[in-house]
Amino acid sequence: MVQYAIRRIMQFLFVLFSLTVLIFILLKTMPGDPARVMAGVGPTQATIEQIRADLGLDRPLLVQYWRLVSGLFDGRLKAITYHKTVWSVILDRLPATLEVGFFAMAIVMIIAIPAGLLSAVHRGSLVDYGVTTIALLGISVPVFWFGLMLMLLFGVILKVLPVCGRGSVVWGLSFLTLDGLRHLIIPAITLASVQIAMNVRLLRSNMLEVMYREFINTARAKGLSEGKVIVKHALRNALSPMVTNIGMELRSLYAGAVLTETVTAWPGIGRLMYDAIIRQDEAVVFGLSLFVAATSLISYLVVDLLYVYIDPRISYD
Amino acid sequence: MLRKVIVWGIVSVLMVGLVAIAETNVPETPEANVGGTLTVGLQSTLSSLDPRLVNDTYGQHVRNAIFDGLLTVGPDLQVRPYVAKSWEIFEGHTIFYLNEGITFHNGEELTAEDVAFTLNWIVNPENNSMLQWIFRWLKEVVVVDDYTVDFINEPEFTPYMPQFVTLTMGFASIVPKDTVLEMGNEAFNLHPIGSGPYKFVEWKSGDHITLERNEEYWLTYPNLDRVIFRIIPEASVMMLALESGEIDVSDTVTTQDISRLRKNPEIEILQSPSLRYVMLEFNMTTSPSDDIRYRKAVYMSVDVDAAVKAVYGDTAIRAYGTTPPILWSNDVEYLRDYVALEENDEEAKRIFAGLKAEGVIPEDFKTEIITPNDTCRRQLATIFATNLQQNGIDAEVRVLEWGPILQLLGRSDADPTLKDVHQVVFSGGGDGDPHNMPYFQFHSDNASLGSSNNFTWYRNPAVDTLIDKADTSTDQEVRRLCYVHAVRIALQDYVHVPLAFLTITQGVRARVHGFTVNPDGAIGLCGPYMNVWVEKQ
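Protein sequences, first through last, are from chains Y and F.
Take the first sequence: its position 257, counting from 1, is numbered 257 in the numbering used here, and each next residue is one higher.
Take the second sequence: its position 373, counting from 1, is numbered 373 in the numbering used here, and each next residue is one higher.
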C-alpha cells in the first residue's frame with residue numbers, strides 16, 4: 001500500500017510537471033498579445049513594449065516559463081489584470097466554488113441514490129420510465145438554459161429566491177446566513193443537474209447488474225427482508241463505481257463551474273478562469289489551470305486509495 | 001513627430017487667459033427622499049479601483065462615486081469646473097485654481113500636492129500606467145501653492161482644448177498623496193480613498209462592491225445611504241435581476257429585451273446617444289482596398305440603413321461620418337446628402353468587373369471581412385460578406401477575439417501579413433471634444449508603427465493640417481470648420497463606410513429618481529449635476 005502510494009505520488013509529480021510545460025505551450029500558442037490587451041486601444045508602441053518588459057514577455061521562452069513556475073510556487077507571481085498575486089486571486093474565489101460544488105454534490109447524492117435505486121428496483125415500471133426520462137432530459141438540457149429557467153421561475157415569477165449573486169457571506173461561506181443560503185440554491189441545483197442525471201443512470205445500471213448476482217439470491221434465501229437485501233447487499237456493491245465516478249467528477253465540476261458561475265454570477269474560480277482567458281491574463285490562466293489539474297489528480301489518487309476500504313476485494317499489496 | 005505648434009498667433013489667443021467660474025447645479029432633494037440603498041448591476045468584473053491604473057468603463061461606474069475629478073463635463077457636453085474652480089491658459093502651460101475645503105474620506109484635505117502627485121504618477125513612464133498615452137501632452141504638474149497647480153505641457157504640445165476634456169474623464173480623479181504613499185499602490189487599489197460622494201466599504205472580487213454615503217461631501221449631501229455594485233456578467237441574467245427588483249439599475253439592456261421591458265411599469269428604459277462609432281474601415285496600404293473604386297463598390301453593395309436597423313434595432317442610429325450628432329462639430333446633413341452612397345448592386349458589380357478586367361482585382365481574389373467577436377459586428381460583417389458574394393466578390397467573415405484583433409491591427413503598415421487584410425468592421429469611441437475621432441481615425445500620427453488607432457493607415461497632409469489647426473485653436477467656429485473639412489476629405493476618399501452610432505441603453509427601476517444616462521456610458525450618482533435618490537421600499 002505504502003509503495004503503491006509512493007509510486008502514485010511520483011506519477012503525480014511527473015504529470016504535474018508535464019502539465020506545466022503543456023499549459024505554457026498552449027498559452028504561448030494562443031493568439032493575441034497580453035501586453036496589447038492590457039494596454040487597450042490607443043497606446044504607443046513604447047507603452048506596449050514597457051508593459052511587455054514589465055511582464056517579462058520580452059524574455060526568452062525558457063525564462064518566461066521559469067518565471068511563471070517559480071513565481072507560482074514561491075507565491076510571488078502577480079496576476080496581470082488584478083493587481084495582486086495569483087494565489088490571492090485564486091484563494092479569494094476558491095471558497096465560493098468549493099461551497100457550491102459541495103452543495104451540488106450533496107444534492108446529487110440526495111437525489112441520485114434514491115432515484116437510481118427506485119428505478120432499478122421497479123425496473124420496467126412507470127417509476128422507472130419516469131426517472132430515466134427525467135435523467136435523459138437532465139443530460140440533454142444545456143446547463144445554461146436550465147439555470148436561466150430556474151432564475152425565471154423562482155426569481156422573477158414566484159419571487160421566492162434571488163436570481164443571482166452570492167448574498168451575505170460569513171467567514172467566506174454563504175450557507176451560514178439565510179440570505180447566503182437562498183443565493184446558493186439555484187447555482188447548486190444548476191451545477192448538480194447534469195451530475196444527477198448521469199449518476200441516476202449509472203446507479204441504475206449498477207444495481208440491475210448486482211441484483212442478478214448469486215449473493216443476492218443467497219441473501220434472499222437466508223430470509224432477509226427485501227429492504228435489507230437491497231440496501232445492505234445490493235446498494236453497497238453498486239455504490240463502488242459511483243464513488244469512482246464522483247471522484248472523477250471533480251474535473252466535471254470545475255468544467256461545469258465555468259458555465260454555472262458565469263450564468264448565475266457566482267464569484268468562483270470557474271468565472272475567474274473565463275475572465276482571465278478573455279483578458280489574456282496568462283499568469284492567472286497558468287496558475288488556475290495547474291491548480292485545477294493538481295486538485296483533480298489528488299482526487300483521483302484519494303479515490304484509488306479509498307477503494308481498499310470500500311471494496312475489500314481490492315488490495316495494492 | 002507629434003503635433004508641432006502650428007500657428008503661434010492662435011496661442012496668443014490662449015495667453016489672454018480663460019477663467020471659468022464654478023457653476024454647478026446639484027438638484028435639491030426633499031429630505032424625505034434621502035436614504036435607502038441603490039443596487040447597480042455591472043456586466044464585467046473590475047480589475048482596479050485605483051483611477052490611476054486603468055481606463056475601463058465598468059470600473060469607471062464605481063470610481064465616479066468614490067473620487068472627484070479636476071474638471072467635469074456639463075449636460076451640454078462642455079468642460080466645466082469640479083475640483084478646479086477656474087483656470088488660466090498660458091503659452092505652454094495652464095494654471096488651475098482649486099476649490100478649498102475639500103476633504104478625502106479619511107479627513108485629509110485635498111490640496112495641490114495631491115493633484116500633482118496623481119497626474120505626475122500617471123505620466124511617469126516607470127509607473128506603466130495605461131493612461132500615460134492619454135496624457136502624452138503633459139510633461140509635469142508643478143505645485144504653486146496649496147490650492148494652485150501649474151500643468152506644464154510637453155514642448156511639442158501647446159495647451160489645446162482636447163487636453164481639457166481628458167481632465168474631465170474619471171481617470172483624472174484625484175488620489176490622496178500621503179495615504180497612497182503610506183498604504184502602497186496594491187493596498188490602495190483594494191481599499192481606495194477618494195473625496196467623492198460615496199466611501200468605499202468592501203470589494204468582494206467578482207461579486208459586489210459596497211459604498212456608503214460620505215457625510216462630509218463638499219459639494220452636496222449625497223442622497224443614498226449605500227450603493228451596491230453587483231457584477232452580473234450574463235446580460236440575460238442581468239435583465240432577470242432587473243425585473244425581479246434585485247438590482248435597481250442595469251448598465252446595459254440587451255436589444256431583444258428592450259420592447260418587453262418597456263411594457264413593464266416597474267422599469268424604465270433610458271437611452272442616450274453615445275460617442276461610440278461603428279464602421280467598416282479599409283486598409284489603404286494594400287490592393288485592391290487602396291483603390292477608391294473598390295471601396296465605393298463595397299459601400300454600394302450594402303443597404304447600410306437596413307443593415308443597421310436589422311442588427312441594432314433602436315439601440316443605434318445610422319452614422320454618416322465619424323463625429324456623433326450630439327457633438328457641435330457634426331456635419332450630418334452634408335455627409336448624408338453628398339458623401340453617403342446608396343445601395344446600387346448593378347453599379348457595384350460593374351465596378352468590380354472593371355477592376356477585375358484591369359487586373360486590380362485578381363481573378364482568384366478572396367477577401368475577408370474581419371470582425372471582433374461580438375454579435376452585432378459579426379452580423380454586420382456577415383451582411384457585407386453576403387452582399388459582396390452576390391456582387392461577384394468571394395468574401396467571407398473572419399471573427400477574431402479581442403487580443404488577436406488588436407495584435408493584427410496594431411502592426412506596422414509595412415508588415416507583410418497585412419497585405420491580405422482589406423477591411424475590418426471596427427469601432428471607435430470619442431469623448432466630449434470632437435478631437436478624438438478625426439485625430440485617431442485619420443491623422444498620420446496614428447498611421448505608423450508605434451501607434452495603433454488609425455487602422456486604415458490613411459495619410460493625407462491636408463487632413464493632418466486641418467486637424468492640427470483645430471486642436472490648437474480656442475475659437476470654436478475655427479475648430480468646427482477644420483474638423484468638418486478634415487472629416488469630409490477623409491470620407492470623400494471613402495476610407496470608411498460609416499455604419500452606426502450606438503445608443504447607450506440602461507434599465508432603471510421606477511423607484512430610482514434623478515438618474516440620467518451619460519453619453520460616455522459611465523454611471524454617475526452624485527456630482528455637480530446630479531444626485532440620485534430612491535423611493536423607500
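Worth flagging that the hints you see were computed from the coordinates, not collected in a lab.
There's no promise every hint is true.
What the hints assert, rightly or not - The list that follows gives simulated cross-link-like pairs (lysine-lysine, DSS-like), each with its CA atoms no further than 30 Å apart: (1) F:LYS309 - F:LYS263; (2) F:LYS296 - F:LYS263; (3) Y:LYS84 - F:LYS204; (4) F:LYS85 - F:LYS366; (5) F:LYS177 - Y:LYS84; (6) F:LYS356 - F:LYS366; (7) F:LYS309 - F:LYS349; (8) F:LYS536 - F:LYS204; (9) F:LYS296 - F:LYS204; (10) F:LYS263 - Y:LYS159; (11) F:LYS536 - Y:LYS159; (12) F:LYS263 - F:LYS349; (13) Y:LYS232 - Y:LYS222; (14) F:LYS204 - F:LYS177; (15) F:LYS139 - F:LYS296; (16) Y:LYS28 - F:LYS419; (17) F:LYS296 - F:LYS309; (18) F:LYS204 - Y:LYS78; (19) F:LYS349 - F:LYS296; (20) F:LYS139 - Y:LYS159; (21) F:LYS139 - F:LYS469; (22) Y:LYS78 - F:LYS177; (23) F:LYS366 - F:LYS309; (24) F:LYS177 - F:LYS85.
What the hints assert, rightly or not - Here are a few chain F residues that sit away from chain Y, every Cβ distance over 10 Å (derived from the structure): (25) ARG230; (26) ALA241; (27) GLU396.
Each residue gets a CB set at the ideal place from its N, CA and C atoms; glycine is no exception.
If any of the earlier hints don't hold here, list their numbers in rising order. Violated hints: 2, 4, 9, 12, 15, 20, 25 and 26; rest satisfied.
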